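As given, the protein sequences belong to chains Y and H, one line each in that order.
By our numbering, the letter at position 63 of the first sequence is numbered 63, and the numbering carries on one by one without gaps.
By our numbering, the letter at position 310 of the second sequence is numbered 310, and the numbering carries on one by one without gaps.
Note that these hints are calculated values from the structure, not bench results.
One thing to keep in mind: the hints can contain errors.
Beta-carbon label-pair distances, calculated as ranges [said to hold, decoys possible]: (1) Y:52 / H:5: 30 to 40 Å; (2) Y:55 / H:95: 26 to 36 Å; (3) H:5 / Y:95: 45 to 55 Å; (4) Y:53 / H:10: 20 to 30 Å.
All figures in this text were calculated on a predicted structure; none of them were measured in a lab.
For glycine and all other residues, C-beta sits at the position ideal for the given N, C-alpha and C.
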Amino acid sequence: MNTVLILDALVAVQRSILANESQIESLDRAIGDGDHFINVRRGCEVLVAMRPELHGLEPAAALQKIGLKLLGTIGGASGPLISSFFIAMGKSLAGLPEPGRREFAAAFTAGVEAIKSRGRADVGEKTMLDVLIPAARLLSRLTEEDAALPELCGQMTAEAERNMLATKDMIATKGRAYFLGERALGHIDPGCKTCEVAIRAVCDTVVQQELA
Amino acid sequence: MKKFINDIDHVMRESLGGLVEAHPQLLRAEFEPTFIARAERAVNKVALLSGGGSGHEPLHAGFVGRGMLDAACPGQVFTSPTPDQMLAAAEAAHAGRGVLFIVKNYAGDSMNFQMAAEMLELENATVIVNDDVAVENSTHTTGRRGVAGTVMVEKMTGAAAEAGASLMECKAVGDRVNTATASMGVAFTSCTVPAAGRATFEIGDDEMEVGVGIHGEPGRRREKLKPAAAIVDDLLGPILADLRPQVGREVLLHVNGFGGTPQMELYLLYHCAAKQLRALGLEPVRSLVGNYTTSLEMAGASLTVTLLDDELKLLWDAPVHTAALHW
């Protein structure tokens, strides 16, 4: 993994988020307060715009810069959570100019753990962690097993989609949907949808780079 | 969407610009990062700092001034502000005796203020406001929301700070007002976040959302409209069940409009609610009626009751000079 891959992934994530605008927005209108998509879009815009600044940095430094930028840009609950994710990933990769797959998997897990502790949430609470925690576990396992990259990415994407859909049957205990009680049933968590879209975009970028 | 807008990206900046241009003796604005502070920094007192998503005006920037807040950090519409804003505002407003953050209890606001408190090198403390009884409290969840009772917390804590209370004394007053305060609201319409361009939720002409929050998020249940007195009973029930006041207790009754309900109806609600409180043996001896904690153009209102004692009455009556509240 290198910084060029991170920068390509940012562009891919932004493209996918924009392509899924209406679905993400309607999920947030159903059980959120209507600002999730706008915040995610703003975050993507500033990251894509800061690519020239990130170019040439080691992945650890680039990820930390991304985290700090998002902390001052997104606001809401997603701001501190997403920025904690990137800052923890950067910390985990410190001193590694070209981290391998194992290091990346460990960094991803560290990032997800940071969201968990900042948000004091866990799986089953109808938040983005319902996609992210299983994603981190699967990534670690497949990395241990030395799965081929296209196979790994295919499984990651499928797992994210399955877990995103499963939030439909959950009652929220954290996040804005919590205020709805049982009325949140039957709606996918918008944060999970965003994470699923992002994971798919990153996986596609990784596979394309491998093939190129 | 019918709104007064020049450019969707400049709504907040132009609105905050207007606020400080209309009250130049009271307020000044900074935009990199964004915060509103008193035109002149206070001297030798605890600095009170609040903030939250925009769309609730006049909360919080309208309450910056003598007797209330020292600075406020507005976020994007319905979105918590960021730690860099809070740090800059704290640096600009602190007056030698520490910084008290007043934070409405939402996941985003709590986390951003918590990160700011961790990073701030000045002595600081935080009061969390969670007056909304529509949401059940639990240690396993985000807990109750902070809504219109925030104004009572900011006013009374502000008066304490102005009178020279220490940081810990101010925090104790804020916590005490929060505990003595409960609110619940009902919405007749949804509202439209300017950048989203359409209503956050759909609601029929003859329906209302009971237990609604202040972000256009749906409430706990939807019902058919009913007479105002019956709605007042539905709101006061959970409020009083939470506060459990003794007979004869003096209270402050706050009727808060969400932005789209006229004063005429708000006073009608006050009439019904005060009558109901008196029937239950309580004495509404202080009042506040108007649009103070809004949800953009949402039609609807919330009731807030604060149990008073001599100290809280003095703090409520103390002079205040802000854009939205002054006596």
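Going through the hints against the structure:
1. Y:52 / H:5: 30 to 40 Å: For residue 5 of chain H against residue 52 of chain Y, whose Cβ atoms are near 32 Å apart, the range 30 to 40 Å holds.
2. Y:55 / H:95: 26 to 36 Å: 44 Å, violated
3. H:5 / Y:95: 45 to 55 Å: About 49 Å separates the Cβ atoms of residue 5 of chain H and residue 95 of chain Y, which means 45 to 55 Å holds.
4. Y:53 / H:10: 20 to 30 Å: The hinted range 20 to 30 Å holds for residue 53 of chain Y and residue 10 of chain H, with Cβ atoms some 25 Å apart.
Consistency note: the structure conflicts with earlier hint 2 alone.
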